[in-house]
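Sequences are here, hints too, so could you generate the full structure?
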Amino acid sequence: MPNHAVMPSAAPRAPAGSFLSIRGLSKSFGPFQALKSIDLEIGEGEFVCFLGSSGCGKTTLLRAIAGLDRQTSGTIMLRGLDVSNAPPSARDFGIVFQSYALFPNLTVAANVGYGLVNQRKPRVAIDARVKELLALVGLPDQAMKYPAQLSGGQQQRVALARALATSPGLLLLDEPLSALDARVRLRLREEIRALQRRLGVTTIMVTHDQEEALSMAERIVVMNHGVIEQVGTPEEVYARPKTAFVADFVGRMTFLPGVIESETLVRLGDQRLRVAETPGFATGELVALGLRPEAVRLVDGAGENRLAMRITALEYLGSFVRATLSSDGAAPLTLLADLPFNVMQDRAYIPGQAVMAELPAGALRVFPSRTGA
Amino acid sequence: MSVEAAPRHRDREALVATALLLGLALVLVLLIAVPLWSLLSKSVQNSNGQFVGLANFSRYIATPSLVASLWNSIWVSSLVALIVVPLAFLYAYALTRSRMPGRGLFMAVAMTPLFAPSLLSAISLIYIFGNQGFLKSWLFGASIYGPVGIVIAEAVYCFPHALLILVTALRLADGRLYEVAEALGTAKSRVFFTVTLPGARYGLVSAVFVVFTLVITDFGIPKVIGGQFNVLATDAYKQIVGQQNFEMGAVVGLILLMPAILAFAVDRQVQKRQVALLSARAVPYEPKANAKRDLALLAFCLVIGGVLIGMLGMAIWASFIRYWPYNLSLTLNNYDFANFDPQGWGAYLTSLQMAALTAIFGTALVFMGAYLVEKTRPQPLLRGFVHFLAMLPMAVPGLVLGLGYVFFVNAKWNPLGIFYGTLVVLVANTVAHFYTVAHITAVTQLKQIDSEFESVSASLKVPFWVTFRRVTLPISLPAVTDIAVYLFVNALTTVSAVIFLYGPSTKLASIAIVHMDEMGAVAAAAAMATCIVFTAMAVKLLHLALDRLVFARFQAWRKR
Amino acid sequence: MKQGWLAGVAMGLVLAMGWSNAAEAQGRTRITAYTALENDQLQPFKQAIEADVPDVEIAWVRDSTGVITSRFLAEKDNPRADIVLGLAATSLLLFEKLNLLEEYKPAGADALKPAYKDTSGGYTWTGMDAFLAVVCFNTAEAGKDKIAAPTSWMDLTKPEFKGKVVMPHPASSGTGYLKVAAWLQIMGEQAGWAYMDKLHENIAVYTHSGSAPCVQAAKGERLVGIGFDMRGAREKTQGAPIDLILPKEGAGWDMEATAIVKGSKNLAAAKKVADWVATKKANELYGKYYALVAHPDVKSAPPNYPADAEVKMAKNDFTWMAENRERILAEWTKRYDSKAAPR
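Chains A, B and C, in that order, are what the protein sequence lines are. Start counting the first sequence at 361; every next residue gets the next number (this note's numbering). Start counting the second sequence at 3; every next residue gets the next number (this note's numbering). Start counting the third sequence at 3; every next residue gets the next number (this note's numbering).
Hints listed in this document are in silico derivations from the structure and should not be mistaken for laboratory results. Where is the CB? At the ideal position from N, CA and C, for every residue including glycine. Treat the hints loosely; a few may be bogus.
[What the hints assert, rightly or not] Capping the alpha-carbon separation at 20 angstroms, the derived lysine to aspartate or glutamate pairs in DMTMM-like fashion look like this:
#  : chain 1 : residue 1 : chain 2 : residue 2
1  : C       : LYS283    : C       : ASP299
2  : B       : LYS449    : A       : ASP429
3  : B       : LYS463    : A       : ASP442
4  : B       : LYS463    : A       : ASP429
5  : B       : LYS377    : A       : GLU623
6  : C       : LYS267    : C       : ASP42
7  : C       : LYS164    : C       : ASP199
8  : B       : LYS414    : C       : GLU104
9  : A       : LYS602    : A       : ASP630
10 : B       : LYS463    : B       : ASP13
11 : B       : LYS138    : C       : ASP147
12 : B       : LYS463    : A       : ASP630
13 : C       : LYS283    : C       : GLU59
14 : A       : LYS396    : A       : GLU406
15 : B       : LYS463    : A       : GLU623
16 : C       : LYS267    : C       : ASP57
17 : C       : LYS115    : C       : GLU251
18 : C       : LYS99     : C       : ASP299
19 : C       : LYS119    : C       : ASP57
20 : B       : LYS414    : C       : ASP147
[Claimed, not checked] Sample of chain B residues at the chain C side, in silico, Cβ under 8 angstroms:
#  : residue
21 : TRP39
22 : SER43
23 : ILE128
24 : MET521
Okay, here's the thing in structure tokens:
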């Protein structure tokens, strides 16, 4: 796996080896600003995911990179070449859509060879290349079928083979797995990842599924309301979310309202919690204290960063149980805690039970207060 | 770091698309906009061509009959829509949502008015309900000459148009909604009002406006059967044909455009919201057997279908009668057209030529035009303009369009004048006259095709015209043949626009029918109309057969 | 693909032009003649002209009087017709006023009856035949209701004709206007309007087509149709149970006439055709279809025409008709048309 240094998101930097470089890219649809001055660098051979909820601008960004929808302002450089105003056909990419967009009246082989025929290659060469690609996506014997005769997963493999047929420098995947059922989705996820590693083709995938992004991408670009919230490896984005939005969108996070007391102390009602850091926050400032459910531990006995709470609900989610915890009192705090199945089995928690929850200082992250935000 | 721009010469596609769009816009401007302008601009001129502002309008508004005409036009059009749309809805419901036997046959029967010149239903009505009609008593003393006749004849004429729209709307239903409703134990009537009706409401709105526009712009039926019941369309006829007052004719034509354009604008607004409603994963609805429902619907369809067949049958019978109503013996003489018209069967052959050329060139223009509007990216303003032009002819009465062609094509400065009186002008005019519905059909078809095909092609460096030829066109073949048949059939039956345009050797059968009817040779007129009906039906049957036998081979990909 | 399409267009254009110009290849001059003659007269007229005038081919454009007149006027900036042959004189007067006709007096015109000749300044049009307004009276229907045949215009205002009379709408049809104008001239304006007020009570419908009233009467749709003699005669010949009645007050009439179109590109040939129109032989042909023809020596008696037609021709001032058209139509519309209620 190629090792790419993690790049800070907002600082526009043009490394000599940058494959795709986006500067100040904006796109408006009438009064609506879909993209607000996006800066992004992508290295050669990288697998990058654009992650965000629908309407966040991720697909708009992908289509701008492809040249399918022209940006309002900003530049796009591909291999050091300014392609900002180049038509799609001059940009060297292959694309796969959620809808597959296979040509229904052409056979699988004709679909895969669609871009090759136009290159005026000899018939034999085309046939060989089509065969090779179909083998690559695991459909060696489906060449003469029509798309309607294939399953969704098979169709998407054909679409992938078609996109790769002309050996593009950049592979764009627009929610390629969203139309498939869960099991096929999982399998295809691995196959695409393996294929991408094998071919080393720079790949950008748009998705709204954080799990998909976490499991496939080398770097994730989290987007919200037309801006990039964070760029980082899956580990970074998950463990050190820069914003409350990222924290909550990538994995779950519960937020508790608090007030900064010192550099390492936050007050919640009449409790005080120690935190690792409060970067940039002033004493007395209202904040939101974020905590992932799996970081909460149920312990015995009081102590630092421990809150007395009561289990109000238990939700079985396969390998773990998600407990909703509430504190008693006038302003109750609510917290989610993920309990591994074996812990559940050992302790046999039931709703209504009083417990002691430990909130490890290293897992607590301080975000600006969300009230009014 | 030095920045190199990517080579720009590869944006050939955008250039080609722009060039084609410009060409299309030019063609439509010549076909639709300039001819219309040529006539409508006369509304602000006097008979010497001097600009007189709104003088003609104030003169027309001062006429006492205007308010009456306007009001008559509006209420008759509304009434016809109110009668036709519910009937067509129920008929469409029977065709799409029941397992009633003979659905294909009933569909074919319902299409017959589309295949007949509008004069045919007027002849039938007079023979049935006229003063010598054998069912005259059914009108309870009312006269067929007047609003009653107009409403009945227009209802028959509009029925297939409304039906086509509503069948499409009901066919698009999502079967899953019905399964949910059934699972919840919803009463049948409630399912109808909460699922069926809302699902088809855009089709209903569209059908209402199409019927309204068709009725308000048609002058053929009110002219023949309307008596002196004044509507806007006959007002235009009076000014243009009765008094040769083109300026006032243009005023009426312009006033006539208003309700039609208004109806059209409302329709577009409503249609805009439709898009989001249809999900790609909808499951086709399969009606379940229900003997009681199917029997009731069958009875209803038998009545409606019987009326339509009766109208046609009456005209066919009329075409064999020696002298209605005094000598009802049968004869074939009425088909010897040389006795009634110097062109004899020649007019029929000219009609066939004209219809074939209209179908070929019209379909090519309409479909490629719709593709450019719908599937290319450059020049959004130009595409919007082209779309507007394409939607315009629907609201234009044929008389206005036809006269506009005379003023435009025959103008001294116009080099296109060499085509005046030839089939070229007849074909161009007919394509323009029926452009809108053909365009809507093409756009609807293209909207159903994944919009990402062009994106994929661009990524594969395949220009859009290759994708058009290899993918879009083959997929759309059924819609393309639909358009061709639509244009062919209408070219066979059109009268109002071409009556000013035919030349010495290009007289059409539809015009010969009008002439024969005028000279009292009603039976011969009915005979020629019968020939046209059967030709149109034969073409439609050929179309179906082709669909089944030939296209099926190219459409193997549709099978699962 | 695109090239193929273009080639198709080109081919279509060529074919279409080829069809329209087939005659010129034969070396004859093709004369485009606008006409409102009856459909069944076109072929005999064409054959007769082409037999008598060598090297001329007649190409008819035929439509009803209103349509052909509108069309001619719409084309006035770039006329397409070489000659107007067999169109109502009222229309030709309109054309003459707009200076759209070529000044030419056919060779034999002097021999024709005075009424059939253009007497205004420049000579442009020549009459061919005349037709009279008549009452087409359906005897079969009258027999059922025991209604006596009318003998005068006044008879038509009797109560037994209520809702049984049809006439052309004067705003839609030139023949309708001709009738209104004739009554005003025969009876005088005041009495004429008073007459029409009463007649209006009996009118079932004002038809938009000038030919419809006699056709409807012939088919029994109406008892009485106010139409023209040649139309009624034709229906009667085909077996319609109608009588053509010339009201005793006299009847309005119009004539069919011929004129060369100013700007004709085939002027010489058109003049030869115009000469033919005034010949005795041509008038004999008119005589097969019309009771009244221009040539004094031609005695015609086509079947089923009423007798004494010439005597009943009322005074008809075409110039007065044209000058007062707008005023009369406005008055007519005010009196009768705005009553939207149909009968």
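Mind checking the alpha carbons of A:LYS396 and A:GLU406 for me, to see if they're no more than 20 angstroms apart?
-> Cα-Cα ~24 angstroms, so violated.
Would the hint on B:ILE128 stand, with a C-beta cut-off of 8 angstroms toward chain C?
-> Holds. Min distance 7 angstroms.
Taken at face value, is the distance from the CA of A:ASP429 to the CA of B:LYS449 at most 20 angstroms?
-> Holds. B:LYS449 to A:ASP429 sits at ~19 angstroms (cutoff 20 angstroms).
Status of the B:SER43 interface restraint (C-beta, 8 angstroms, chain C) = 14 angstroms, violated
Take a quick look at whether B:LYS463 and A:GLU623 sit within 20 angstroms of each other, Cα to Cα.
-> 58 angstroms, violated
Pair hint outcome, B:LYS414 versus C:ASP147 [Cα-Cα no greater than 20 angstroms] | Status violated; Cα separation ~59 angstroms.
Within a Cα-Cα threshold of 20 angstroms, do B:LYS414 and C:GLU104 meet the stated pairing?
-> Given pair B:LYS414, C:GLU104 holds - Cα atoms ~19 angstroms apart, limit 20 angstroms.
Does the structure keep B:LYS463 and A:ASP442 at a Cα separation of 20 angstroms or less?
-> 18 angstroms, holds
Is the shortest C-beta separation between B:TRP39 and chain C less than 8 angstroms?
-> 15 angstroms, violated
Closest C-beta approach of B:MET521 to chain C relative to 8 angstroms, hint status = 6 angstroms, holds
Holds or violated: C:LYS283 to C:ASP299, with C-alpha atoms at most 20 angstroms apart = 11 angstroms, holds
Taking 20 angstroms as the top limit, are the C-alpha atoms of C:LYS267 and C:ASP42 close enough?
-> Given that 20 angstroms is the threshold and the Cα spacing comes to 28 angstroms, the pair is violated.
Consistency note: the structure conflicts with the earlier hints numbered 5, 6, 9, 12, 14, 15, 17, 18, 19, 20, 21, 22.
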